[in-house]
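The lines below spell out each chain.
Number of protein chains: 2
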Amino acid sequence: MAVYTDVPDDELAAFVAEYDLGAVTAFKGIAEGVENSNFLLRTERGSYILTLYEKRVRAEDLPFFLGLMEHLAGRGFACPTPVRGRDGIALRRLCNRPAAIVTFLEGLWPRRIHAVHCAGVGGAMAQLHLAGEGFALSRANDLSLAGWRRLLDASAERAHEVRPDLARELAAELAWLEANWPTDLPAGVIHADLFPDNIFFRGDRMSGVIDFYFACNDAFAYDVAIGLNAWCFEPDGSFNVTKARALLTRYEATRPLSAAEYAALPVLARGSALRFLLTRLYDWLNHPPGAFVKPKDPLEYLQKLRFHQGVRDVGSYGLG
Amino acid sequence: MAVYTDVPDDELAAFVAEYDLGAVTAFKGIAEGVENSNFLLRTERGSYILTLYEKRVRAEDLPFFLGLMEHLAGRGFACPTPVRGRDGIALRRLCNRPAAIVTFLEGLWPRRIHAVHCAGVGGAMAQLHLAGEGFALSRANDLSLAGWRRLLDASAERAHEVRPDLARELAAELAWLEANWPTDLPAGVIHADLFPDNIFFRGDRMSGVIDFYFACNDAFAYDVAIGLNAWCFEPDGSFNVTKARALLTRYEATRPLSAAEYAALPVLARGSALRFLLTRLYDWLNHPPGAFVKPKDPLEYLQKLRFHQGVRDVGSYGLG
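Just so you know, the protein sequences line up as chains X and D, in that order.
The numbering of the first sequence is the working numbering, which starts it at 1 and goes up by one.
The numbering of the second sequence is the working numbering, which starts it at 1 and goes up by one.
Heads up, some of the hints might be wrong.
Which copy is meant is left open, so a pair is good if it fits within one copy or across any two.
What the hints assert, rightly or not - Straight line, CA to CA, 20 Å or less: simulated DMTMM-like cross-link-like pairs of lysine to aspartate or glutamate:
(1) Lys296 x Glu32
(2) Lys296 x Glu161
(3) Lys296 x Asp6
(4) Lys294 x Glu35
(5) Lys294 x Asp193
(6) Lys294 x Glu32
(7) Lys55 x Asp297
(8) Lys296 x Asp193
Honestly, the hints are just simulated from the structure, not real lab data.
Extracted from the complex, chain X is given alone in its bound form (with noise of 0.2 Å):
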């Protein structure tokens, strides 16, 4: 849930007046994403999403997150399509942030997973990967390896809170996927935080993904290996074979995966499910006492990477 900054009035109408949307007839903020503030914008001209960036996102990432946005919609993937002002520009300033108008997209991300959904996150990441292409932007990942030592230099000292020994389970593993970690794989524009509040469905068919702030340069199959651990895994912590098996076929049946991204798999699962143990752990350790959102629990992914650390082959994953 997420408000951070209000707008005032003045403010609100003088930003809108930049663009050809006619008046604003309502805004209310809403209480998803963790990153920034986002409010539902109405105006004369239809329903849209004003996202006022906060510090967490870095201002010199944004031409890359916005244009990623414009680049996909305009090659017919379903996203938010950023809208420009009268002079063309979208990445503009409201309350001395930076703010951004998009279109509305409707649908309604799951709750509660099927492997339907499991199938639709499948396509919609083979086709984010193909429709990436030729966008003239890049960004590296932050948030691989070498962000990852970064990551457990910064929370190893205190981890001991979370769980007895936890840090150096961490760093043994942080060594092996050092020593391990493929580097020639298939790669260009992954979305790298597809969970389930990031993509939208109307009924069981996908309508759009949303979300891009953690894009990035990376391997096609490092995407793959984010949605398994974000979607394949049931509440008690048993992976699901059969909506595994959903999410890599359906990615087949638009992009198929190489014998070498097959093979990769376990090592960029216990990769991912690393990635997402260490920024959780941090974020346990750090949320000042009373903030709005609960942190989520990091021991979710510890659970999950041990359970890649045992699997010998995909077939574990339901193919092969």
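Based on the hints, put chain D in the right spot on chain X.
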């Protein structure tokens, strides 16, 4: 900001299927309202607000609140109208809570208060007081004198944590109010919580009133006194006579105040200041650490109370 309960897909679809609203096309938690969970609900038929009533609202009061909105809307008053299911029932259950869908009201609540908004509030309040006539249900104001005594007793022991000697000052004020509270003023249905976030404007024009969950039967002039406290003080604590005059003048254009109501305004304003001081004090002392909602400063209302204690006649409110 408030979404206390999230609604799983299947439950939402089954709930909406009880109405003639078509399929759900979008569903987003709204970061407004501190008592209930509110969602923007878009269906093939239009936009609505879905509210789940959390424990702070008493279930037995809901027929009054929903019936009142329907009564007022039927009289042409601009407010959300409860939508009835195909079986004619508006108050239903969802996720084990009472729940209702109401129509979406266009407009924005004013973040920066100008005299024109105060005029709009005065006009809306008078219209509401007249439109409430003939409503079949009634509800006592449980946040009047007896309620204040209960609240003070619950907070007195720890009130010094907020300000030294606060309990003594509030006890003296409450004793004075108990001796001087007017009992024979014109009464009917009042909103009792018409703060800036509960009234919408489009430009300078009032477009509607929301959040009837404190509405009750009480003196009309008490509602006016709540409005003076909520709208006519500046952020620095000073009383803005121009705003008060705008509120009262526009109110009287629709419903003239009697001499007795005028004379009672200072005592009613003291009572209203004490009411919000006491509920804020209680919330301040009892909010759980890490709660979503930052409690509001009780002492803002101590300053307002002291202003009204110094008022000799309604000339201080910009009239007479």
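Verification of the supplied hints:
Proximity of Lys296 to Glu32 under the C-alpha cut-off of 20 Å is restricted to the intra-copy arrangement: shortest distance 15 Å within a copy versus 23 Å between copies. In this assembly of identical chains, Lys296 and Glu161 lie within 20 Å of each other by CA distance solely inside one copy; the values are 15 Å within and 33 Å between copies. Taking the closest pair of Cα atoms, Lys296 and Asp6 come within 20 Å of each other only across two copies (16 Å); inside a single copy the shortest separation is 25 Å, beyond that limit. Taking CA atoms no more than 20 Å apart as the test, Lys294 paired with Glu35 passes in both settings, with 13 Å inside one copy and 19 Å between copies.
In this homomeric assembly, Lys294 and Asp193 come within 20 Å of each other (Cα to Cα) only inside a single copy, at 19 Å, whereas the closest approach across copies is 30 Å. For a Cα distance limit of 20 Å, the shortest separation of Lys294 from Glu32 qualifies both inside one copy, at 13 Å, and across copies, at 18 Å. Taking CA atoms no more than 20 Å apart as the test, Lys55 paired with Asp297 passes in neither setting, with 23 Å inside one copy and 27 Å between copies. For the identical chains of this complex, Lys296 and Asp193 are intra-copy neighbours only, at 15 Å inside a copy versus 36 Å across copies, given an alpha-carbon limit of 20 Å.
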